[in-house]
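If you read the protein sequences in the order shown, they are chains G and X.
The working numbering puts the first residue of the first sequence at 1, with every later residue one more than the last.
The working numbering puts the first residue of the second sequence at 1, with every later residue one more than the last.
Because the hints were derived from the structure by calculation, they are not lab data.
None of these values were measured; they are calculated from a predicted model.
Any given hint could be a false lead.
List of simulated lysine-lysine pairs, DSSO-like, C-alpha gap at most 30 Å [to be verified]:
| # | chain 1 | residue 1 | chain 2 | residue 2 |
| --- | --- | --- | --- | --- |
| 1 | G | Lys90 | X | Lys357 |
| 2 | X | Lys549 | X | Lys230 |
| 3 | X | Lys499 | G | Lys105 |
| 4 | X | Lys449 | G | Lys90 |
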Amino acid sequence: MAQEQAIPSIGPAAPEFALPHRPGVLRNVLKFIRRKPLGALGFFFVLFMIAMTLGTPKAEFGVPELPHSPLGFKLGQPWLAPYGEEQNFKNANGRLNTDAAPSTKHWLGTDGSGRDNWTRVVWGARRSMFIGLWALALATAIGTVIGVISGYFRGWFDTAVQRLLDALQSFPPLLTLILILSITPFTSQPSLLVVAFALGFVGIPQVQRIVRGVVLSTREQQYVEAARVIGATDTRTMSFYILPNIMASVIVVFSTGLGVVILAEAALAFIVPQFVPQEGASWGLDLGRAQREGVDTHTWPVIAYAGAIALAVLGFNLAGDALRDVLDPRLRVG
Amino acid sequence: MEEPTYWNRFWRRRLSRRRLLTGAALTGSGLAAAVVVGCGGDESGTDKTKSDGGGEGGLGEDLESQVPQFIDARREVVPAPADMRGGTLRFQGFDPVVLDRHDPHQTQFGPMYANLSAVFSKLYMYKSHTEPTWENIVPDLAESAPEMIGTPPTEYVVKLRKGVKFHDTDAIRSHFPDLAGRELKAEDVVFSYDRQRNPDSIQKGYYYRASQYRTIDTIQAVDDYTIRIKTKGPIAPFYHFMADTNAMIVPKEIVDMEPGPGGLPLDTVDTNRGPAPGERMIGTGPFFWGDLKFGIEYKALRNPAWFGWGEPGLQRPYLDGYTVSGSSLNDTSLEALFRRKEVDTAGFIENPEWVFKIKREKPDLEFFRSWISGWINSRFKVFCKPFDDVRVRKAIHLATERQQVVDVIGSGEWRMQGPVGNAISYWALPYDELLTLPGYRQTKDERTKDVTEARQLFEAAGSPEFPQIWFADIPSYIPNFVGTWKQFMNQNLGIPIDKLRTLTQAYSRIAEAIADDSCDLASMTWGFDNGWIDLDDWVYPYFHSTGSKNSFRLKDPDLDTLLDAQRTEFDYEKRKELGYRIQRYLLAATGSSAICWVSRATECRRALTRGRITRHRERQRWPGPTSRTVSRSHGLAIATGVLTSGSTRIIRPFAGGRPRT
Numbered sequence: 001m002a003q004e005q006a007i008p009s010i011g012p013a014a015p016e017f018a019l020p021h022r023p024g025v026l027r028n029v030l031k032f033i034r035r036k037p038l039g040a041l042g043f044f045f046v047l048f049m050i051a052m053t054l055g056t057p058k059a060e061f062g063v064p065e066l067p068h069s070p071l072g073f074k075l076g077q078p079w080l081a082p083y084g085e086e087q088n089f090k091n092a093n094g095r096l097n098t099d100a101a102p103s104t105k106h107w108l109g110t111d112g113s114g115r116d117n118w119t120r121v122v123w124g125a126r127r128s129m130f131i132g133l134w135a136l137a138l139a140t141a142i143g144t145v146i147g148v149i150s151g152y153f154r155g156w157f158d159t160a161v162q163r164l165l166d167a168l169q170s171f172p173p174l175l176t177l178i179l180i181l182s183i184t185p186f187t188s189q190p191s192l193l194v195v196a197f198a199l200g201f202v203g204i205p206q207v208q209r210i211v212r213g214v215v216l217s218t219r220e221q222q223y224v225e226a227a228r229v230i231g232a233t234d235t236r237t238m239s240f241y242i243l244p245n246i247m248a249s250v251i252v253v254f255s256t257g258l259g260v261v262i263l264a265e266a267a268l269a270f271i272v273p274q275f276v277p278q279e280g281a282s283w284g285l286d287l288g289r290a291q292r293e294g295v296d297t298h299t300w301p302v303i304a305y306a307g308a309i310a311l312a313v314l315g316f317n318l319a320g321d322a323l324r325d326v327l328d329p330r331l332r333v334g
Numbered sequence: 001m002e003e004p005t006y007w008n009r010f011w012r013r014r015l016s017r018r019r020l021l022t023g024a025a026l027t028g029s030g031l032a033a034a035v036v037v038g039c040g041g042d043e044s045g046t047d048k049t050k051s052d053g054g055g056e057g058g059l060g061e062d063l064e065s066q067v068p069q070f071i072d073a074r075r076e077v078v079p080a081p082a083d084m085r086g087g088t089l090r091f092q093g094f095d096p097v098v099l100d101r102h103d104p105h106q107t108q109f110g111p112m113y114a115n116l117s118a119v120f121s122k123l124y125m126y127k128s129h130t131e132p133t134w135e136n137i138v139p140d141l142a143e144s145a146p147e148m149i150g151t152p153p154t155e156y157v158v159k160l161r162k163g164v165k166f167h168d169t170d171a172i173r174s175h176f177p178d179l180a181g182r183e184l185k186a187e188d189v190v191f192s193y194d195r196q197r198n199p200d201s202i203q204k205g206y207y208y209r210a211s212q213y214r215t216i217d218t219i220q221a222v223d224d225y226t227i228r229i230k231t232k233g234p235i236a237p238f239y240h241f242m243a244d245t246n247a248m249i250v251p252k253e254i255v256d257m258e259p260g261p262g263g264l265p266l267d268t269v270d271t272n273r274g275p276a277p278g279e280r281m282i283g284t285g286p287f288f289w290g291d292l293k294f295g296i297e298y299k300a301l302r303n304p305a306w307f308g309w310g311e312p313g314l315q316r317p318y319l320d321g322y323t324v325s326g327s328s329l330n331d332t333s334l335e336a337l338f339r340r341k342e343v344d345t346a347g348f349i350e351n352p353e354w355v356f357k358i359k360r361e362k363p364d365l366e367f368f369r370s371w372i373s374g375w376i377n378s379r380f381k382v383f384c385k386p387f388d389d390v391r392v393r394k395a396i397h398l399a400t401e402r403q404q405v406v407d408v409i410g411s412g413e414w415r416m417q418g419p420v421g422n423a424i425s426y427w428a429l430p431y432d433e434l435l436t437l438p439g440y441r442q443t444k445d446e447r448t449k450d451v452t453e454a455r456q457l458f459e460a461a462g463s464p465e466f467p468q469i470w471f472a473d474i475p476s477y478i479p480n481f482v483g484t485w486k487q488f489m490n491q492n493l494g495i496p497i498d499k500l501r502t503l504t505q506a507y508s509r510i511a512e513a514i515a516d517d518s519c520d521l522a523s524m525t526w527g528f529d530n531g532w533i534d535l536d537d538w539v540y541p542y543f544h545s546t547g548s549k550n551s552f553r554l555k556d557p558d559l560d561t562l563l564d565a566q567r568t569e570f571d572y573e574k575r576k577e578l579g580y581r582i583q584r585y586l587l588a589a590t591g592s593s594a595i596c597w598v599s600r601a602t603e604c605r606r607a608l609t610r611g612r613i614t615r616h617r618e619r620q621r622w623p624g625p626t627s628r629t630v631s632r633s634h635g636l637a638i639a640t641g642v643l644t645s646g647s648t649r650i651i652r653p654f655a656g657g658r659p660r661t
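Using the sequences and the hints given, assemble the complete structure.
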């Protein structure tokens, strides 16, 4: 009897102990928008930029090539681009309709070659986005590996790696980029893949530094200690116990880094256009051209391309900040 | 309890840096968006391009009427006071961008000609920019016009000025003690001409005007001041040859004649033995070769012992030197430098609007406008597929949207041109006639007809795939134009844009590639080229089967006959007509001579302003009613020369004294 009394009766749970109802995706999104409006704005810009890069895939497979074949299959004209990348327009006199102000036909006006600025912005998004993704993929992959190993083992290896990367980081990133791209084989045959890898290379120290910092605290956690106790090897510990637990930081680094890389690519094309492929739409190149020919007469291209760069970077920064707040339990509010 | 929403926290929090920046960014974005939305316009009223490619827009009639004529190098001048000097003129230009050799006989690069022409002299020179006729050739090192023997002449006797000295500085004395201050002799002239016609020289491929000097049968120094030249036959432009771009007189001492590969003399100034090429730039010109920092700056310094065309009282050259900066060659930077008074003279690169604007703001600025004898061209290797097919070449010729080239590259301030540049109005096919020819005519119906024919020809040739097309990397408007070029090739010939492969390359690399027989390299190119002076310069080296610049490898006996004929026709009017026939023949693009004039279309019409010179002078305490005029002529001449190839005759005026006003 006493035993029977000890066992709680199985019946319907009291209301105060009921599991919370899991809200749907839409409700989560709305909640996020309400609580993090700036983050939501950032995500809107990011999603819009992603949308600008999308086009109907073509059945042409091969080696990945930037910007129109970033994953080995070719993307067609972006859905959001009303015209071709180089399509120009003529006025009633049969001459190129250059430097036109915005109109219903050309939402952001035309540039000095009579091309639609909005169309160039959309096509240029593909270049910025895919260079950014490739560069960040490289930087994050290598930086994470270095950061995890360096932070996990510490000791002389950590010291050596960190001092080496400190030395690399002591050069201004833009100068390092220009230095890499000014190597003769790259200048004689500029390639967007080379630009992406150069940007990724420059980003490695920053990524590994953040990852290493997180690993240094993670490796002291009890579950890591427990893994060691049960005989997990270093590789296993790093791969299955540390890496999954630092992924939130890696994701945040990736998302905020994308804005930085997009800005760096645009700056590179603006400052040293000869070191980057000059074909096709590019926010940095097109902004540089408009600026060099005179902002007075090329006002609309400047507004269009500078605005695109600014909004993209702002979007990635705001989205990254919001992501960090959401993924880091210590920063969760409410 | 109130739910801790974002807005609740928003109003409670302090204004952090992050919030401030975010707010500022959002406000900025909003304002930009508002501007975009609020300033909409209709494209029907946005025709900013010019009426006929001649670029009449932007300036206004009042300024058009003020456009001065080109200032003559030899116009009447009055001596400057003994203590009056012109200071150092500063401007931006391509002069430091030397992509070619230093050797005055082995270069073909416009900016290098500009540098060299201040340092070296020739027997004769042109005094007129636009009328390159015999009447406008005047003595430079020569004492007078040559004595021409024979009818038509086959023998020329040239008398040199006496007392002309080579440059003399401490640096020159240390490297070439025997040359510093040595008097120029007839042997120097013989050496300068002989080496360019020497078929055994290991540098023969670099003598770009060799075909001119190979018309010489014998050349000898009769005495220290007399040269006797016999030609192999009557050569009409021979007098011009003595005033042409590569006719500079160099002393033998500066040339490395030690054995090179194969045991033959190296025969060049561009050697890595002994003094560097820059230290070998020793001539008899009005300026010393100062310092050349590649791509950054070129400095020239006054030669106080210059012979001054036999008028020492004028104390030429007036300027103490000039400095050309090769960085920031774009309109925005140029405008900023000009407004900050960091340059004394400037002109537009692509967009002339800022020049017009400054002129409107400050009407007292000097303004100069002139055609420039440079051009953008396409070259084909006619032995390479698909350009060995005349239909393909003609299709490209007709499909090329020359007016778009003018509108995009020169903001409408350029002009289409034929085989001879419009700046050389005497020899160029009349512009009115040019505008009636296929590929150039611009009415809607005519253009439609040309494009239709282009498409038909291209399809008849099997719509072949193009090899990689090489574009020059400077000026920046050339690589910028690649997209537009692809667009009109796509529209007019139906070539998919992704099948048009292009590569941007430096001129030095392009020059190597077009000289190469490989069809994998630069079988079609797109770039800027110097303009020239005489009819012969524009056509013979390029299109004669033995021409030194015939990188097309064109061989057309009919064309050769015409080109040879213009060399033996001494009657100017008849030669001019022959020149027209040659140009029409080339433009007709028929038979094997169909080098197409793709984008050989444009010729820039530069608006040059300058005028800070006056204040610059005043700051240096050289006031006086004539200082502006003096500065004007010199500044303009340099600025024009910088932007012009074959500029010897143009850059020389700033060696002058004060013009009589």
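Cross-check of the supplied hints:
| no. | hint | verdict |
| --- | --- | --- |
| 1 | G:Lys90 to X:Lys357 | holds (26 Å) |
| 2 | X:Lys549 to X:Lys230 | holds (25 Å) |
| 3 | X:Lys499 to G:Lys105 | holds (29 Å) |
| 4 | X:Lys449 to G:Lys90 | holds (18 Å) |
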